[in-house]
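There are 2 protein chains.
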Amino acid sequence: MRNTDEKWLRIAACEGRIGARKGEGGPFGACVVKNGVLIGRAHSEVIKRSNPCAHAEINAIRLACRKLKTVDLSGATLYTSCEPCPMCMGAALWARLSRVVYGVSIEKATEIGFDHSLFYDYFKDRSIVRWLEVKEVKSKGCTDLMNAWLLNPRRQHY
Amino acid sequence: MRNTDEKWLRIAACEGRIGARKGEGGPFGACVVKNGVLIGRAHSEVIKRSNPCAHAEINAIRLACRKLKTVDLSGATLYTSCEPCPMCMGAALWARLSRVVYGVSIEKATEIGFDHSLFYDYFKDRSIVRWLEVKEVKSKGCTDLMNAWLLNPRRQHY
Numbered sequence: 004m005r006n007t008d009e010k011w012l013r014i015a016a017c018e019g020r021i022g023a024r025k026g027e028g029g030p031f032g033a034c035v036v037k038n039g040v041l042i043g044r045a046h047s048e049v050i051k052r053s054n055p056c057a058h059a060e061i062n063a064i065r066l067a068c069r070k071l072k073t074v075d076l077s078g079a080t081l082y083t084s085c086e087p088c089p090m091c092m093g094a095a096l097w098a099r100l101s102r103v104v105y106g107v108s109i110e111k112a113t114e115i116g117f118d119h120s121l122f123y124d125y126f127k128d129r130s131i132v133r134w135l136e137v138k139e140v141k142s143k144g145c146t147d148l149m150n151a152w153l154l155n156p157r158r159q160h161y
Numbered sequence: 004m005r006n007t008d009e010k011w012l013r014i015a016a017c018e019g020r021i022g023a024r025k026g027e028g029g030p031f032g033a034c035v036v037k038n039g040v041l042i043g044r045a046h047s048e049v050i051k052r053s054n055p056c057a058h059a060e061i062n063a064i065r066l067a068c069r070k071l072k073t074v075d076l077s078g079a080t081l082y083t084s085c086e087p088c089p090m091c092m093g094a095a096l097w098a099r100l101s102r103v104v105y106g107v108s109i110e111k112a113t114e115i116g117f118d119h120s121l122f123y124d125y126f127k128d129r130s131i132v133r134w135l136e137v138k139e140v141k142s143k144g145c146t147d148l149m150n151a152w153l154l155n156p157r158r159q160h161y
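For the protein sequence lines, the chains are G and C, in the order given.
Residue numbers in the first sequence follow our numbering, run continuously in steps of one, and reach 161 at the last position.
Residue numbers in the second sequence follow our numbering, run continuously in steps of one, and reach 161 at the last position.
Among these hints, one or two may not hold up.
The list treats identical chains as one, so a pair stands whether inside a single copy or across any two.
List time: in silico BS3-like cross-link candidates among lysine-lysine, alpha-carbon distance up to 27 Å [what the hints assert, rightly or not]:
1. Lys10 x Lys143
2. Lys25 x Lys143
3. Lys127 x Lys70
4. Lys51 x Lys25
5. Lys10 x Lys25
6. Lys25 x Lys70
7. Lys70 x Lys138
8. Lys10 x Lys141
9. Lys51 x Lys70
10. Lys127 x Lys143
11. Lys72 x Lys141
12. Lys51 x Lys72
13. Lys37 x Lys143
14. Lys70 x Lys37
15. Lys37 x Lys141
16. Lys70 x Lys143
17. Lys127 x Lys51
18. Lys37 x Lys138
19. Lys138 x Lys127
20. Lys25 x Lys141
21. Lys25 x Lys72
22. Lys10 x Lys37
Rather than coming from a laboratory, the hints here were simulated on the basis of the structure.
In this text the structure is predicted, and so the values were computed from the model without any measurement.
Excised from the complex, chain G in its bound form (with noise of 0.2 Å):
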């Protein structure tokens, strides 16, 4: 299993460093692995798309669900070079991922400037990040959208 992943670690570094040299986004690649076959590669593209999800991860987990056709991905690996941030972690959790591995871990993101660690730690104490407000305003609206889900005919769940 260690060859393994750590054969699929460099196809994660491959894709991180053709971004980087593209000046597509930070040093981040990723892949995801089912059954010993490729499904997904991709790196950031936070620059080239001026979008701030774009992370390597998502891409790769978009692009897998893509040519699977299906938004569950259990039995499969994301591989990425970089421990994952929360937004990651948290599309790894919705695709039912079943393994994540990561070939440096956060600190060594933090030293080159990326903000991983102060996001894991807001998910402990939401004071943390002073620059974001969060608030509940009770809408009406939004709890009919809510209850009018489980009669909607065309709910699938995923």
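For this one, chain G is given, so just place chain C on it according to the hints.
Chain C only, in chain G's frame:
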């Protein structure tokens, strides 16, 4: 402020209704507003795109950033029909949003079958999600990729 918030939450709920009626995703809508101007609105497209990351908030942030040609939404507010999941809160943090305002709390999402709440618990105690293994496998290729970043002439901070 409260009246204004309610107005934009109605737009978010309206987006959610459009998406749910079309069968494009769950009952979730969102919009991004800056200086009183709507700069992005979207609903969940998880089903339509077979993409578990295509939440309303992620889509609205992407559209707003594209419109303003930036990855920095500081000064802007994300209005979302339901309290965001950790993936979307992570996206809000990366986008440097100043406010997140939601119309229904996360318990309602649980009630109609979505996993938001479990995913927040995951960030407090990873052992809660039993189907996912997360593992570091130290990789020289990935470390080299990170180390090269600070010397990269195409490096842009975000």
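Structure-based check of all given hints:
Only between protomers do Lys10 and Lys143 lie at most 27 Å apart by alpha-carbon distance; the minimum there is 11 Å, versus 52 Å within a single protomer. In this assembly of identical chains, the alpha carbons of Lys25 and Lys143 lie at most 27 Å apart only when taken from different copies (21 Å versus 47 Å within one copy). In this homomeric assembly, Lys127 and Lys70 never come within 27 Å of each other (Cα to Cα): the closest approach is 35 Å inside a single copy and 33 Å across copies. Taking CA atoms no more than 27 Å apart as the test, Lys51 paired with Lys25 passes inside one copy only; the shortest distance there is 9 Å, against 31 Å between copies.
With identical chains, the CA atoms of Lys10 and Lys25 are at most 27 Å apart within one copy only, with a shortest distance of 23 Å there and 42 Å across copies. For the homomeric pair Lys25 and Lys70, the shortest alpha-carbon distances inside one copy (25 Å) and between copies (23 Å) are both at most 27 Å. Taking CA atoms no more than 27 Å apart as the test, Lys70 paired with Lys138 passes between copies only; the shortest distance there is 25 Å, against 38 Å inside one copy. In the homo-oligomer, the alpha carbons of Lys10 and Lys141 lie at most 27 Å apart only across protomers (12 Å), although the nearest pairing inside one protomer, at 50 Å, exceeds that limit.
In this assembly of identical chains, the alpha carbons of Lys51 and Lys70 lie at most 27 Å apart whether taken from the same copy (23 Å) or from different copies (14 Å). Taking identical chains as interchangeable, the C-alpha atoms of Lys127 and Lys143 are never at most 27 Å apart, the minima being 30 Å within one chain and 31 Å between chains. In the homo-oligomer, the alpha carbons of Lys72 and Lys141 never lie at most 27 Å apart, since the shortest distance is 36 Å inside one protomer and 32 Å across protomers. Taking CA atoms no more than 27 Å apart as the test, Lys51 paired with Lys72 passes in both settings, with 26 Å inside one copy and 11 Å between copies.
In this assembly of identical chains, the alpha carbons of Lys37 and Lys143 lie at most 27 Å apart only when taken from different copies (23 Å versus 43 Å within one copy). Taking CA atoms no more than 27 Å apart as the test, Lys70 paired with Lys37 passes inside one copy only; the shortest distance there is 12 Å, against 36 Å between copies. Taking the shortest Cα distances, Lys37 and Lys141 sit within 27 Å of each other only across copies (21 Å), while inside one copy they are farther apart (43 Å). In this assembly of identical chains, Lys70 and Lys143 lie within 27 Å of each other by CA distance neither inside one copy nor across copies; the values are 39 Å within and 30 Å between.
For the homomeric pair Lys127 and Lys51, neither the shortest alpha-carbon distance inside one copy (32 Å) nor that between copies (33 Å) is at most 27 Å. With identical chains, the CA atoms of Lys37 and Lys138 are at most 27 Å apart between copies only, with a shortest distance of 17 Å across copies and 40 Å within one. In this homomeric assembly, Lys138 and Lys127 come within 27 Å of each other (Cα to Cα) both inside a single copy, at 17 Å, and across copies, at 21 Å. For a Cα distance limit of 27 Å, the shortest separation of Lys25 from Lys141 across copies, 25 Å, qualifies, whereas the shortest one inside one copy, 45 Å, does not.
In the homo-oligomer, the alpha carbons of Lys25 and Lys72 lie at most 27 Å apart only across protomers (19 Å), although the nearest pairing inside one protomer, at 29 Å, exceeds that limit. In the homo-oligomer, the alpha carbons of Lys10 and Lys37 lie at most 27 Å apart inside one protomer (14 Å), although the nearest pairing across protomers, at 45 Å, exceeds that limit.
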